[in-house]
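Chemist: Sequence:
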Amino acid sequence: MEWPQVYAAIFIMALGLSLIFTPLCQILAGKTGFLDIPKHERHKLHGKSTPLLGGLAMFGAWTVTCFGALIAAGYFLPADCSGNLVREVAGIPLVRKELIVVLACAAASMLMGTLDDKISLSARTKLIGQIVIAVVTVLFGGVHITLFMNIPWLSMLISIFWIVFLFNAINFFDNMDGLACGTAAIAFLFFTTAAIINGQYFVACLGACSAGAAIGFWFYNHSPASIFMGDGGSHFLAYILAVVSARVTYYNPEISASRLSVLIPLFILAVPIFDTFAVVVIRLLNHKPIYVGDHNHISHRFYHMGMTRKRAVLLVHLLCLISGLGALPLLWGDERVCALLLVQGLTIFLLLTILQYSSGMEPKTDQTDPNTTK
939 MEWPQVYAAI FIMALGLSLI FTPLCQILAG KTGFLDIPKH ERHKLHGKST PLLGGLAMFG
999 AWTVTCFGAL IAAGYFLPAD CSGNLVREVA GIPLVRKELI VVLACAAASM LMGTLDDKIS
1059 LSARTKLIGQ IVIAVVTVLF GGVHITLFMN IPWLSMLISI FWIVFLFNAI NFFDNMDGLA
1119 CGTAAIAFLF FTTAAIINGQ YFVACLGACS AGAAIGFWFY NHSPASIFMG DGGSHFLAYI
1179 LAVVSARVTY YNPEISASRL SVLIPLFILA VPIFDTFAVV VIRLLNHKPI YVGDHNHISH
1239 RFYHMGMTRK RAVLLVHLLC LISGLGALPL LWGDERVCAL LLVQGLTIFL LLTILQYSSG
1299 MEPKTDQTDP NTTK
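Per the working numbering, the sequence shown runs over residues 939 to 1312.
The set of hints was computed from the structure by calculation and includes no laboratory data.
None of these values were measured; they are calculated from a predicted model.
Using N, Cα and C, we set each Cβ at its ideal position, and we do this for glycine too.
Hints are not guaranteed to be accurate.
Derived pair list, reagent style DSS-like, types lysine-lysine, alpha-carbon separation capped at 30 Å [unchecked claim]:
1. Lys-986 to Lys-1035
2. Lys-1226 to Lys-1056
3. Lys-986 to Lys-1226
4. Lys-1248 to Lys-1226
5. Lys-986 to Lys-1248
6. Lys-969 to Lys-1056
Ranges of calculated distance between the beta carbons of each label pair, as one might list FRET restraints [as the list claims (entries may be wrong)]:
7. Lys-969 to Leu-1092: 43 to 51 Å
8. Thr-1285 to Ala-1042: 36 to 44 Å
9. Met-1243 to Ile-1057: 33 to 41 Å
10. Ile-958 to Leu-1092: 37 to 45 Å
11. Pro-1227 to Arg-1197: 33 to 41 Å
12. Phe-1215 to Val-1275: 37 to 45 Å
13. His-1225 to Ile-1009: 52 to 60 Å
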């Protein structure tokens, strides 16, 4: 057995379990009252009650796959495995504590979001919870963003900010059917590819597992969605995105020609990052609370320009794919290549900015549109 087979097995297992767990969580949501019921909120366009608990389905698939892979590695490793695989598996006990911390914090993220789905936590309460989870992850989970700086306290602050920022960015981005989970799946695949190129086998396994769980859920969440991920799902995906993106080593002296490769996560997640900043600026300019939903997201802009919601989501996913493909050459490109890619990225986001501000501030809502959205 070689590493590509391991990645494929983990991806397929997470995908299959997500496909199984999601309809079960639909039933559970109906029986326990975990439903998104439209109550004339202007930012919600779906016209019927929709089950939540999609986050529980993804978390269940992800957790079972992680534990299953660890158990299989420890007790059922085939005799024909390569020496490289055997050496890596032998090192699992060295990172056991960090794995447990990440699993626990992923569970805490999902549970906090699910609780918010049920009783609507205040923005302050959620922010405090996000900060606590981020601090625990940074202190005990081995998640550090150094950016070539040997300043521990600054590295800690940057890492905490990154986790908390993604919590809110992915939550903001969960505004149309299939948008957030599809975007997360694309990002996980790019982070997995970067980890494979740099020989980070366990990080690649974690990325493959996360991509499988997100894609499995997408089959039920794309328009018209039969289940929503809710805040439980957006918090879970955001947390794992933060962990995976921070654990990948982007600058490898053996293959990297420029330290600008550390910008890769910003390229891969450029669309949700841009959307978050744009929406926050618009809300501040309109003297509105930044945590109150509206229709100023880029997906809503595309819909307001005449696209169906399916096509608007597809266009956003294509933009994510383009920005992600532009990120990978940074792994081995020199300063000239990096500069060219930066100009390309800035050009794309200049175009997005023009689209963002040329389609009006408040798109019309259509409660009867068959393409339901959050």
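Chemist: Indicate, hint by hint, whether the structure satisfies it.
Modeler: Structure-based check of each hint:
no.: 1; hint: Lys-986 to Lys-1035; result: 44 Å, violated
no.: 2; hint: Lys-1226 to Lys-1056; result: 24 Å, holds
no.: 3; hint: Lys-986 to Lys-1226; result: 27 Å, holds
no.: 4; hint: Lys-1248 to Lys-1226; result: 28 Å, holds
no.: 5; hint: Lys-986 to Lys-1248; result: 18 Å, holds
no.: 6; hint: Lys-969 to Lys-1056; result: 13 Å, holds
no.: 7; hint: Lys-969 to Leu-1092: 43 to 51 Å; result: 48 Å, holds
no.: 8; hint: Thr-1285 to Ala-1042: 36 to 44 Å; result: 42 Å, holds
no.: 9; hint: Met-1243 to Ile-1057: 33 to 41 Å; result: 37 Å, holds
no.: 10; hint: Ile-958 to Leu-1092: 37 to 45 Å; result: 44 Å, holds
no.: 11; hint: Pro-1227 to Arg-1197: 33 to 41 Å; result: 39 Å, holds
no.: 12; hint: Phe-1215 to Val-1275: 37 to 45 Å; result: 26 Å, violated
no.: 13; hint: His-1225 to Ile-1009: 52 to 60 Å; result: 54 Å, holds
Consistency note: the structure conflicts with the earlier hints numbered 1, 12.
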